[in-house]
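Visitor: Here the structure of chain A is known, so what remains is to put chain B in place on it, guided by the hints.
There are 2 protein chains.
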Amino acid sequence: MKLYTFFRGSSPFRLRIALKLKGLAYEPAFVHLGKGEHRKPGFGAVNPQGLLPALVLDDGRVLTQSLAIIEYLDEKYPNPALLPKDALGRVRVRSLSLLVACEIHPLNNARTLAYLRKQLGLGEEQVNAWYRHWVADGLAKFEADLTRTPGTGKFCHGDTPSMADCCLVPQIINAQRFNCDLAAYPSAMRVFEACMALAAFDEAQPSKQPDAE
Amino acid sequence: MKLYTFFRGSSPFRLRIALKLKGLAYEPAFVHLGKGEHRKPGFGAVNPQGLLPALVLDDGRVLTQSLAIIEYLDEKYPNPALLPKDALGRVRVRSLSLLVACEIHPLNNARTLAYLRKQLGLGEEQVNAWYRHWVADGLAKFEADLTRTPGTGKFCHGDTPSMADCCLVPQIINAQRFNCDLAAYPSAMRVFEACMALAAFDEAQPSKQPDAE
Numbered sequence: 019m020k021l022y023t024f025f026r027g028s029s030p031f032r033l034r035i036a037l038k039l040k041g042l043a044y045e046p047a048f049v050h051l052g053k054g055e056h057r058k059p060g061f062g063a064v065n066p067q068g069l070l071p072a073l074v075l076d077d078g079r080v081l082t083q084s085l086a087i088i089e090y091l092d093e094k095y096p097n098p099a100l101l102p103k104d105a106l107g108r109v110r111v112r113s114l115s116l117l118v119a120c121e122i123h124p125l126n127n128a129r130t131l132a133y134l135r136k137q138l139g140l141g142e143e144q145v146n147a148w149y150r151h152w153v154a155d156g157l158a159k160f161e162a163d164l165t166r167t168p169g170t171g172k173f174c175h176g177d178t179p180s181m182a183d184c185c186l187v188p189q190i191i192n193a194q195r196f197n198c199d200l201a202a203y204p205s206a207m208r209v210f211e212a213c214m215a216l217a218a219f220d221e222a223q224p225s226k227q228p229d230a231e
Numbered sequence: 019m020k021l022y023t024f025f026r027g028s029s030p031f032r033l034r035i036a037l038k039l040k041g042l043a044y045e046p047a048f049v050h051l052g053k054g055e056h057r058k059p060g061f062g063a064v065n066p067q068g069l070l071p072a073l074v075l076d077d078g079r080v081l082t083q084s085l086a087i088i089e090y091l092d093e094k095y096p097n098p099a100l101l102p103k104d105a106l107g108r109v110r111v112r113s114l115s116l117l118v119a120c121e122i123h124p125l126n127n128a129r130t131l132a133y134l135r136k137q138l139g140l141g142e143e144q145v146n147a148w149y150r151h152w153v154a155d156g157l158a159k160f161e162a163d164l165t166r167t168p169g170t171g172k173f174c175h176g177d178t179p180s181m182a183d184c185c186l187v188p189q190i191i192n193a194q195r196f197n198c199d200l201a202a203y204p205s206a207m208r209v210f211e212a213c214m215a216l217a218a219f220d221e222a223q224p225s226k227q228p229d230a231e
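Residue numbers (this note's numbering), protein chains in the order written: chain A, 19 to 231; chain B, 19 to 231.
Worth flagging that the hints you see were computed from the coordinates, not collected in a lab. Treat the hints with care, as some may be off.
Because identical chains cannot be distinguished in the list, a pair is counted as satisfied if it fits within a single copy or across any two copies.
Said to hold, decoys possible - Straight-line alpha carbon distances no greater than 25 Å define the calculated SDA-like cross-link-like pairs of lysine to any residue that follow:
| id | residue 1 | residue 2 |
| --- | --- | --- |
| 1 | Lys40 | Ala105 |
| 2 | Lys136 | Gly68 |
| 3 | Lys94 | Thr167 |
| 4 | Lys103 | Arg79 |
| 5 | Lys94 | Gln194 |
| 6 | Lys58 | Arg166 |
| 7 | Lys58 | Pro168 |
| 8 | Lys38 | Pro98 |
| 9 | Lys58 | Ala154 |
| 10 | Lys136 | Asn197 |
| 11 | Lys20 | Thr165 |
| 12 | Lys58 | Ser205 |
| 13 | Lys53 | Ala162 |
| 14 | Lys20 | Ala105 |
| 15 | Lys172 | Gly60 |
| 16 | Lys172 | Ala128 |
| 17 | Lys94 | Val74 |
| 18 | Lys58 | Glu161 |
Next comes chain A alone, as it looks inside the complex (with noise of 0.2 Å):
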């Protein structure tokens, strides 16, 4: 399998997550999203989305949307399960995992920030202010859930990692690095520190990749 990934992108991070938990190896193809390679004839060959990541799988065929990706190798690789074998189980870790997919990381992500500083003329006191007042905004909606849904244990669902961990980390991991304030958030820090201890979330963050500047 050849993965397109930018080590510093939240998606492809939520993916090199789930590869390395399930022990899946795969080839790195680098598309620098700050230098635009993406939006590339090139890229745009591979993935009509224009999107990272992209999964080649090796017969050719190519896979889009981190989260559908992950719901495909879950699939395809059961063990260990991203998912619960339960459907309510399912549904938390799925509406946990969108709750980062859909209602923090978008408008946070490179091309939501350029638009801001470049159409709008922001400074970068009021990019991060946006940027910040996101995360803060999603990440009480998150620690909610954690705190009130049943369900949440050592990880967000239960006691092994899921799809929602995959979400949760790359996003703390990009609000630290926007000095975020993340007090407020103790559950969720809690289980990002149990994923931080694992191999698979430690050895798939940015700081760690072949293309980290």
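Guide: Relative to the frame of chain A, chain B by itself:
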């Protein structure tokens, strides 16, 4: 089942379509996003994430996040299926669904536009330009996927409606409300028209809800 909904919200609209496609009856509970009713303690007690939609099962369990709920419904009430039977079909339907749910909708939902107006002081022209920018960006990606990835049929994937159609239709209807030019997306619009010819999509649309204004 009890559905917390708002006529205009894209996410509850997705779920209304899915419920109607499956012929599942629900009791609606109206939460007015424009009046901030989702931020009041009453709704917060239902959904810790404080977001629409929320679906309360007959045993009182609360399900959250539209795509997670649609997946749950598809597992519990498999006919008609909203996800394909093959893994490659599922990853594609999920990817197209996430393309709308992660790349377009979060940038254009009510609280994002409210931040642009209130915290950043943007005028309506700038807010509309922002809205149209992300619709154009996201629908161009969607159109490219529909035209270049195998599997597109009468609907987004194959000849029966799937979760991807449940996501596309609300996004198009919202784009029309903001007078977006949709001429550049003929495949997406062809699918949209095919969907709207079905009673499930038609009956689920904002203008036909009891809380419509």
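Visitor: All the hints need checking, so say for each whether the structure fits it.
Guide: Consistency of the hints with the structure:
no.	hint	result
1	Lys40 to Ala105	both (21 Å within a copy, 18 Å between copies)
2	Lys136 to Gly68	within (21 Å within a copy, 32 Å between copies)
3	Lys94 to Thr167	between (29 Å within a copy, 21 Å between copies)
4	Lys103 to Arg79	between (27 Å within a copy, 17 Å between copies)
5	Lys94 to Gln194	neither (34 Å within a copy, 39 Å between copies)
6	Lys58 to Arg166	between (45 Å within a copy, 17 Å between copies)
7	Lys58 to Pro168	between (45 Å within a copy, 22 Å between copies)
8	Lys38 to Pro98	within (11 Å within a copy, 35 Å between copies)
9	Lys58 to Ala154	between (34 Å within a copy, 18 Å between copies)
10	Lys136 to Asn197	both (22 Å within a copy, 24 Å between copies)
11	Lys20 to Thr165	between (38 Å within a copy, 23 Å between copies)
12	Lys58 to Ser205	between (41 Å within a copy, 23 Å between copies)
13	Lys53 to Ala162	between (37 Å within a copy, 22 Å between copies)
14	Lys20 to Ala105	between (31 Å within a copy, 18 Å between copies)
15	Lys172 to Gly60	neither (42 Å within a copy, 29 Å between copies)
16	Lys172 to Ala128	neither (31 Å within a copy, 34 Å between copies)
17	Lys94 to Val74	within (14 Å within a copy, 31 Å between copies)
18	Lys58 to Glu161	between (39 Å within a copy, 18 Å between copies)
When each numbered hint is compared with the structure, violations occur for hints 5, 15, 16.
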